[in-house]
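*Asks:* With the hints as extra help, turn the sequences into a complete structure.
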Amino acid sequence: MRRIAIVQGRMSSRRLPGKILADTAGVPLLMHVLRRAQAADVFDVVVMATSTDPSDDPVEDFCTASGFACFRGDLNNVLERYFTAAKMYNADLITRITADCPLLDPQVVRAVNEAFDPVHHDYVSNTLERTYPNGLDTEVFSMEALTKARERAMLPSEKEHVTPFIYKNPDMFRMHQITQKHDLSSLRWTVDELRDLEFVRAVFEELGTGTFGQREILALLKRRPELRGMNEGISNDGYQRSLAEDERIKNGGPSSSSTALSA
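Note that my numbering has the sequence shown beginning at 904, numbered continuously upward.
No wet-lab data here; the hints were simulated from the structure. Treat the hints with caution; some may be incorrect.
Computed Cβ-Cβ distance ranges for the label pairs, DEER-style [as the list claims (entries may be wrong)]:
{"#": "1", "residue 1": "G1113", "residue 2": "H1079", "range": "20 to 26 Å"}
{"#": "2", "residue 1": "G970", "residue 2": "S915", "range": "42 to 48 Å"}
{"#": "3", "residue 1": "D926", "residue 2": "G1155", "range": "44 to 50 Å"}
{"#": "4", "residue 1": "E1047", "residue 2": "T967", "range": "28 to 34 Å"}
{"#": "5", "residue 1": "K1084", "residue 2": "L1110", "range": "19 to 25 Å"}
{"#": "6", "residue 1": "L919", "residue 2": "K990", "range": "40 to 46 Å"}
{"#": "7", "residue 1": "T1050", "residue 2": "D947", "range": "34 to 40 Å"}
{"#": "8", "residue 1": "G1155", "residue 2": "E1108", "range": "50 to 56 Å"}
{"#": "9", "residue 1": "A1105", "residue 2": "Q1010", "range": "19 to 25 Å"}
{"#": "10", "residue 1": "Q1010", "residue 2": "V930", "range": "33 to 39 Å"}
{"#": "11", "residue 1": "R905", "residue 2": "K1084", "range": "17 to 23 Å"}
{"#": "12", "residue 1": "T1114", "residue 2": "A1018", "range": "19 to 25 Å"}
A quick note: this is a predicted structure, and the numbers were derived from the prediction, not measured. We treat Cβ as the ideally placed atom computed from N, Cα and C, and that holds for glycine.
*Replies:* As structure tokens, this is what we get:
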């Protein structure tokens, strides 16, 4: 069974353009994400999936220079981008990771993958019943589930965010959730705004550039609780914007997909 990770990202971020190549502990932020995905040691290949938009030429250049696989697809229909990349790399199981998560924990990625049983599951994640910090998100799904979603998804949110069609249809897909004992979902370790980037840089400055994980970051925040305040209060509004677009489509309004900025 061929497992691949697909890391989605683009330079045209709405709130922090160019963030995935922003300097983070001496290397582009994206380098940390790709290295950490590889460190999970469960994938045949880790693929960076960006868009064909010229603004993403630097992403491909970075991947080529750094030895990472790179696929370029649709800017707005990220579901189609995933499907085409997964086909190109002959995937049986796909792990979805976003390129704005430089503190991704390889052990968490591995745990979610190890929990996936192809006999009983179509989709496994740690994102629906949240107990992990925002920024450790890991979703694993079968090629069959991805194909079905690609064929049937109609709404903007389903095409932009890849997996909503799957997890909104539990009668169609066999799902399983990974949780941990303590609810840490209020912690924010992803990068959407400059304050997030400053927080991540501070963490790397304290812990170095190795593949430390959740445990080490929690210990750091216990020693230096002021770090947590660096990016408190920032909302994740991307999915909510997509849901608003869904309602516009349902009510017969025009789609704004031509100007959407997808991951």
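*Asks:* Each of the hints needs a verdict: does it hold here or not?
*Replies:* Going through the hints against the structure:
1. The hinted range of 20 to 26 Å is not satisfied by G1113 and H1079, whose Cβ atoms lie roughly 31 Å apart.
2. Between G970 and S915 the beta carbon distance is about 25 Å. The supplied range of 42 to 48 Å is therefore violated.
3. Range check, D926 to G1155: about 46 Å between beta-carbon atoms, so the 44 to 50 Å window is met.
4. Range check, E1047 to T967: about 32 Å between beta-carbon atoms, so the 28 to 34 Å window is met.
5. The given range of 19 to 25 Å is respected by K1084 and L1110, whose C-beta atoms sit roughly 23 Å from each other.
6. A beta carbon spacing of about 31 Å between L919 and K990 contradicts the range 40 to 46 Å that was offered as a hint.
7. For the pair T1050 and D947, the beta carbons lie near 19 Å from each other, so the given range of 34 to 40 Å is not met.
8. Here the CB-CB span from G1155 to E1108 is close to 51 Å, well matched to the stated 50 to 56 Å.
9. The hinted window of 19 to 25 Å between A1105 and Q1010 holds, with their beta carbons roughly 22 Å apart.
10. A hinted range of 33 to 39 Å for the beta carbons of Q1010 and V930 is inconsistent with their spacing of about 22 Å.
11. Checked against the hint of 17 to 23 Å, the pair R905 and K1084 fails, with Cβ atoms roughly 33 Å apart.
12. A hinted range of 19 to 25 Å holds for the C-beta pair T1114 and A1018, which are about 20 Å apart.
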